[in-house]
Amino acid sequence: MFFKMLKTALKRRPRIDSVDGFVHAFKQTHPDQPCPSTPTVYRYIDQGRLDIKNIDLPAKLRRHVKSNRHNHSRKNKRLAGTSIDERPDTINNRERFGDWEGDLVKGKRQASEPALMTLTERRVRYEIIVKIPNYHADTCLKELQATIDQHPGYFKTITFDNGSEFKLLDQVQGAQIYFAHPYSPWERGSNENQNGLIREYIPKGLSLHGFSEDDIAKVQDALNQKHRRTLGYANAAELIEAALAS
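In the UniProt record's numbering, the protein residues as written are 1 to 246.
Certain hints may be false.
[What the hints assert, rightly or not] Cut-off 25 angstroms, straight-line C-alpha distance, at most; resulting in silico cross-link-like pairs (DSS-like, lysine-lysine): (1) Lys-167 with Lys-106; (2) Lys-7 with Lys-218; (3) Lys-156 with Lys-167; (4) Lys-131 with Lys-167; (5) Lys-218 with Lys-4.
These aren't lab readings, by the way, just hints derived from the structure by calculation.
Produce the entire structure from the sequences given, and follow the hints as far as they go.
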């Protein structure tokens, strides 16, 4: 039973769980059924004992240490607005619901091309993905304002990348906007991780014209149903309901 369900889960597109997430979710939902450990499952896959290949496994994010040859330009790049340095510890320590991180996932790197505005809640890791028609600064402002207006009670603050497409976001109403330091994606680590998972479904360089709103909604739902170790193997879809009710 376990291995049949695991195979189905890992071959699903868009995929929801990793091996580890599926193992722990299965233990919770089928407490009376035998369930191997995560290392055992990986060992069986490596040994070819399962009808699951490495290609069926969620991609691992590859992090590269960038050289320091552009330090001068990074140091002197102006922040688009209020610095992340001014964020209170309540936000930094993930003490409450409503503090988000944001960025764009781009297909073709042309400002006139569609992009995805991705917003990740820091405490429960809930994801909102909005397909926008282009990533000009005025479009980003308009689409973010619409998203905030459509989700009352969701947003207190959002910390964005310092890209020029976000230079107007300090005009937004309904949420305090902060900006990470230039070239410092780790300052929005939760959002960067989610963007890496989105790339499993939407590779770099591929135009987003071919992705419908329904396609994007399925990716968003998959991320929000994903069982996460950092959440005690709960998922964001479950946790946001409790957060909004509190």
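Here's how the hints hold up against the structure:
no.: 1; hint: Lys-167 with Lys-106; result: 17 angstroms, holds
no.: 2; hint: Lys-7 with Lys-218; result: 20 angstroms, holds
no.: 3; hint: Lys-156 with Lys-167; result: 19 angstroms, holds
no.: 4; hint: Lys-131 with Lys-167; result: 19 angstroms, holds
no.: 5; hint: Lys-218 with Lys-4; result: 23 angstroms, holds
The structure agrees with every numbered hint stated previously.
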